[in-house]
Each structure stands twice: as C-alpha cells, then as structure tokens.
Amino acid sequence: MSRPGGDGVPSVDPERLAASKDGRRITVVLPALDEETTIGPLVSGLVRLAGGPTALVDDVVVLDSGSTDRTAERAAAAGARVLDRERAVPDVPVLPGKGEAMWRAVVALGSGAAPSDLICFVDADLVDPDPELVPRLVAPLLHQPGTALVKGFHRRPLDGPDGHEGGRVTELMARPLLAALRPGLRHVRQPLGGEYAATVGLLDRLPFATGYGVDVGLLLDTVALRGPEAVGQADLGVRRHRNRPLHELARTSREVLATALDRCGIDDSGAGLVGFLPGDDDGAPGWRTETHPLVQVDRPPPGDVRAGGPAEPVDVGARPRGAGAAVVRS
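If you count the sequence shown from 1, position 118 lands on 118 in our numbering, and the numbers rise without skipping.
Do not rely on the hints blindly, as some may be mistaken.
As the list claims (entries may be wrong) - Derived CB-CB ranges, DEER-like:
1) 146 <-> 186: 18 to 26 Å
2) 183 <-> 19: 49 to 57 Å
3) 86 <-> 315: 18 to 26 Å
4) 308 <-> 66: 42 to 50 Å
By construction, these hints were calculated from the structure, which means they are not laboratory data.
Ideal Cβ positions, reconstructed from N, Cα and C, are used throughout, including at glycine.
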C-alpha cells in the first residue's frame, strides 16, 4: 500500500485506501476565518480526492467562522461545500474561536441522511498544500483497529534565519508541558497541529474547548477516554503555514495552557494575559500594554447535543477538574 513520497515520507495510494473504507464516509473539514489568500489552492488540492466511485473523500467542507473577506466565495469556487457557522447549529448563539467552529462542524456532519464516520481537520492557512496529507492521516483509522485519533506532524519552515524552526508554541510550551504533566505523551510530535483525523464515534464523546486549546484538549481527553493506544501519528512531510507575530502566539499559548491544566486536573488562576508592545499609543517611543482576558469554556460533546442535550457552553471553572470529569471512560 505504501510507496516512498518525493520528500522521503511514506505515502499511500488513495484508490487502495478507498477500497478499504467499508462504507465509511470521510469528510475533510477546514475551519476558516479570513483565509482568502490560501483557501482556494488548498481546497483545489483536496477536492481531487473526492468524486467518483473510487473516491477516498466523500465531502470537503469549509466551516466559515464569519469571514469578512472572500474566503467563502473562493472556497466554493474551488469546489468545497461552504457551511456557515450559524446554520451549522441553528438557534445556538455563536462563540468566537477555532474550537467553536470545529464543534459546530462535528455536530452538523454527524447527522442527516449521510452522516460522516471519519473527519479529517485541516488548517485553512496551509501554503503549497499536498493533497496526500489526507490519505496519510486516514490510513491508520482504516487499517489499525483501535486507533481513533491520528495527529499529523511535519517540518514547519519559518521565513528568515531560523529556517526549520516553526511550531514555536509547540516546542517552547506545549511539548515541555506535556512532558512534565503527562509524560506518556512525550512521543506526540505536534500536539497542537491542526491537521488530524478522528472517528466521529470518538469526537461525539469529547467536549470541545472553544478557543485555541481545542487541539490539546481533544488529545488529552482521547487518552483519558480510550488510552494512549488510541492515538496514532502521521508524517506529513514539509508544510508551510502563514506565520504569526510573537505577541499573537502568546495569546494562543495562554489558551492552550489553560485547557491543558484543566484536563490534567490543575487549577488555573483564570487571569488573562498582559502584553507589552513597543511604542506609546500616540506613536512616541516607549511601551504600551494590552490586556487580553481569558475566556475558557467548553462546548458539550457533539453526540450529546445531537441526542437532544443542551448545547450551552460550560464554564471550565464551574465543573470538576480534569479530563476524567469531562469524559466518561469506556
């Protein structure tokens, strides 16, 4: 089934993988907010895997999170099915955040005449995408019994003298934190990576942090529910993302840290982040401060919502601590 890829990473043949689906529907989901510069080429590569009797992918969905640019228009033109966040889960007020968009996608795609069985999440800011990333992510779910979550990892070049040193939040905060609190997850190369695949059966039982903590939260909750043997990894080669400035990454880190501490049963102060930026408000030399409050809430498991349970967000500070409090181990 495997053949060597051009970058030395083992690759898989989509048609042979499709033959092993056994009727399972695979949906690729791209949560997107103002990604008009990257969404078109990304979707164009992914839709090549869809269509026809031997298609690996059954649907490519862009979950638009309220974009004010041409993200939705360009995604549709490239062949994606665009799902508006409000319509994905009607009558439920929208919260900001990446995790909110993912939660709404899972709730919506798990119902209807042709519900999804496997969902592959792909970040919408990928540059120069390789459509083979989807086969590499779903292959373990199709061929390795017991695997329910597959985390992708890749080399992330950074423009400038640092070369291949992207993934700054991962290397400087997330992986050291997991080594300290959950050493059994030290082998997970990119716990915050946005490219991963999972069974809907798993996702339906997990709470979703509404912000940037969603990735590490799903990882920790999966281990709490199914054990570490349920987590696989896939080498995705080299991937290029739109890199963000350091002060934005600090805000991301704060959300990731809060979710990880909660899932590990450790109290968080709940305090927001104070950022220091050069230049006074009037442009004079000096420093200005920006305070970013921490909003840490979880959406309930999608399966519970589809079954008629409440969809209202749960304040993390208002429930018992730890992943064991958020999920029920099978």
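request  = Go through the numbered hints given earlier and state which of them the structure violates, listing their numbers in rising order.
outcome  = Failing hints, ascending: 2, 4.
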